[in-house]
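A.B. asks: Next come the chains, spelled out residue by residue.
2 protein chains.
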Amino acid sequence: MTTLQINEVAPRDGLQIEAEFVPTEAKIRLIDALSATGLARIEATSFTSPKAIPNLRDAEEVVRGIKRRPGVGITVLVPNLRGCERALACGVDEINLVMSASDSHGLANLRMTPEQSLERFAEILAATRGSGVFVNASLSTSFGCPFEGEVPETRVLGLVERLLELGVEGITLCDTTGMANPAQVGRLCEAVLERWPEAPFTLHFHNTRGMGLANALAAWQTGIVRFDASLGGLGGCPYAPGATGNVCTEDLVHMFEQMGVATGVDLDALLAVSAGLPELVGHATPGQVVKAGKADRRYPMPAR
Amino acid sequence: MTTLQINEVAPRDGLQIEAEFVPTEAKIRLIDALSATGLARIEATSFTSPKAIPNLRDAEEVVRGIKRRPGVGITVLVPNLRGCERALACGVDEINLVMSASDSHGLANLRMTPEQSLERFAEILAATRGSGVFVNASLSTSFGCPFEGEVPETRVLGLVERLLELGVEGITLCDTTGMANPAQVGRLCEAVLERWPEAPFTLHFHNTRGMGLANALAAWQTGIVRFDASLGGLGGCPYAPGATGNVCTEDLVHMFEQMGVATGVDLDALLAVSAGLPELVGHATPGQVVKAGKADRRYPMPAR
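Those protein sequences? They're chains A and B, same order as listed. To convert, note that position 147 of the first sequence is 147 in our numbering; the numbers rise steadily by one, no gaps. To convert, note that position 267 of the second sequence is 267 in our numbering; the numbers rise steadily by one, no gaps.
Among the hints, a few may not be true.
Since the list gives no way to pick out one identical chain from another, each pair is judged satisfied if it fits inside one copy or across any two copies.
[Claimed, not checked] As a list, the in silico DMTMM-like pairs of lysine to aspartate or glutamate whose alpha-carbon atoms are at most 25 angstroms apart:
#	residue 1	residue 2
1	LYS67	GLU279
2	LYS294	GLU25
3	LYS294	ASP103
4	LYS291	GLU148
5	LYS294	GLU150
6	LYS51	GLU20
7	LYS294	GLU153
8	LYS51	GLU25
9	LYS51	GLU85
10	LYS294	GLU148
11	LYS291	GLU150
None of these hints come from the bench; they were simulated from the model. The structure presented is a predicted model; accordingly, all values stated were derived computationally and were not measured.
Work the whole structure out from these sequences, hints included.
C.D. replies: Below you can see the structure in the form of structure tokens.
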């Protein structure tokens with residue numbers, strides 16, 4: 001059975017929306033600790049403008065400061081050509097481009113329609129040629145848009161096709177605001193795997209409405225083995241106040257390991273890193289296994 | 001496609017562990033509001049000793065005070081013959097007996113081994129004969145015991161067989177402390193449905209480790225259509241401090257309705273009842289859809 005490939009996104013997707021800047025040294029310690037747990041990939045930061053995302057203004061220092069381990073890919077978010085050049089100069093393994101499947105989310109989040117994003121991606125891909133860096137694209141709102149509602153499957157499939165034609169090597173289908181349900185996830189995953197059985201598809205879920213792990217299960221049942229997840233469930237959706245954010249890495253790893261599906265991750269080590277998050281970010285995190293313990297935890301019989 | 005049958009357990013399983021007694025009138029209003037949402041069954045209270053569970057010391061007044069609606073079964077927990085007689089005197093539709101699949105959980109929770117529970121059930125069943133009341137039995141720790149660990153599937157199947165031989169009409173397989181994973185759920189559900197395709201099996205999950213909805217999905221995929229759930233995710237597990245409790249009714253209904261699986265429940269009405277829970281119990285509840293809104297919620301485009 002294929003080992004899952006977990007892409008840890010907390011250092012980027014989680015820390016970018018925290019109220020407080022996490023010091024560079026603490027970020028490096030976090031990523032180094034995550035690297036040691038056996039995760040396949042870590043999205044370490046975003047090479048965006050420091051004005052746009054002040055929390056990640058230390059992108060170069062972070063990537064240059066972390067320990068690189070064989071087998072752990074370091075990926076970074078890249079919004080434009082300038083960001084791509086900065087990322088390549090730091091020696092990353094992978095860059096992650098982001099666009100929306102829906103016009104209104106693209107305009108609200110990136111100030112670009114999907115068409116404009118695709119044009120920009122072409123420039124960036126040209127700049128990566130010969131670098132050996134893997135280029136992934138994340139397709140936001142693949143399962144629905146918080147402004148427009150339903151995003152037709154044909155639209156998502158059409159954008160996947162154009163991304164692959166452009167030369168993008170991997171594609172992440174993102175349930176950006178936790179709208180996906182397991183039936184829909186099963187259908188879309190089956191559709192992309194049928195058309196592009198060789199392409200590495202990653203699934204990115206949020207737990208906004210409690211369906212994060214159920215959606216991951218549904219994706220895995222179709223043959224998907226690559227997942228984004230965020231330590232402690234850090235991250236979130238600005239359109240769902242009070243709701244939890246990204247699917248939690250250790251809860252995802254725990255579920256699959258309990259099912260007998262190998263993740264390659266040392267869950268105890270991961271839980272130890274997660275246990276330090278509340279101190280790092282200054283608030284409780286939504287992850288549940290770190291509070292309840294693993295399913296094989298044993299309790300003493302109560303005194304009579 | 002079969003409509004799901006949701007058994008709402010918050011009035012019993014949720015309120016019994018709350019720090020404060022919920023006034024009888026408020027309980028009756030809660031159950032009446034739940035009855036109006038289209039739930040198949042409501043576990044209204046427990047006919048146990050007022051000393052054992054002071055929060056439910058008003059069992060008679062609650063059952064006699066609620067409005068009965070056609071199509072909404074009122075079930076109550078019954079721990080012994082005395083409780084059964086009290087329940088029958090109030091005119092309930094169903095009684096729910098509880099035993100553990102593991103010796104140590106039975107002793108810790110009920111002061112009875114499974115064998116002793118079965119003996120007691122025989123007495124209770126004799127008392128219900130001719131009453132027309134449906135007798136269900138809930139089998140705690142069917143997916144693992146917090147003291148002993150693994151509970152072998154053969155042991156669970158053996159107890160199900162003996163319960164059915166005794167004359168129990170429905171059986172609830174309970175993941176009492178949130179230890180089940182979707183692979184295990186799929187296996188046990190397939191095993192019981194293969195051996196007893198006509199018996200009404202209900203699945204009772206906790207969200208202790210975040211797998212509640214994933215487990216419900218896995219059960220439904222095998223053909224299970226009856227689920228216990230608790231409004232707002234009330235209830236909990238004394239052995240997992242800080243963890244969430246029962247799987248949340250409105251989150252479960254939301255997931256299945258989003259998938260196109262009919263639940264018979266008016267989700268908006270259910271969410272309205274759930275929104276009143278924090279005031280009723282004096283604390284926030286873990287349910288997520290009530291905070292985030294349904295997946296079809298639309299947001300205005302942010303101002304530029």
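A.B. asks: Indicate, hint by hint, whether the structure satisfies it.
C.D. replies: Consistency of the hints with the structure:
| no. | hint | in the structure |
| --- | --- | --- |
| 1 | LYS67 / GLU279 | within (23 angstroms within a copy, 50 angstroms between copies) |
| 2 | LYS294 / GLU25 | neither (30 angstroms within a copy, 40 angstroms between copies) |
| 3 | LYS294 / ASP103 | between (42 angstroms within a copy, 22 angstroms between copies) |
| 4 | LYS291 / GLU148 | between (37 angstroms within a copy, 20 angstroms between copies) |
| 5 | LYS294 / GLU150 | between (37 angstroms within a copy, 13 angstroms between copies) |
| 6 | LYS51 / GLU20 | within (15 angstroms within a copy, 49 angstroms between copies) |
| 7 | LYS294 / GLU153 | between (37 angstroms within a copy, 20 angstroms between copies) |
| 8 | LYS51 / GLU25 | within (21 angstroms within a copy, 56 angstroms between copies) |
| 9 | LYS51 / GLU85 | within (18 angstroms within a copy, 71 angstroms between copies) |
| 10 | LYS294 / GLU148 | between (39 angstroms within a copy, 14 angstroms between copies) |
| 11 | LYS291 / GLU150 | between (35 angstroms within a copy, 21 angstroms between copies) |
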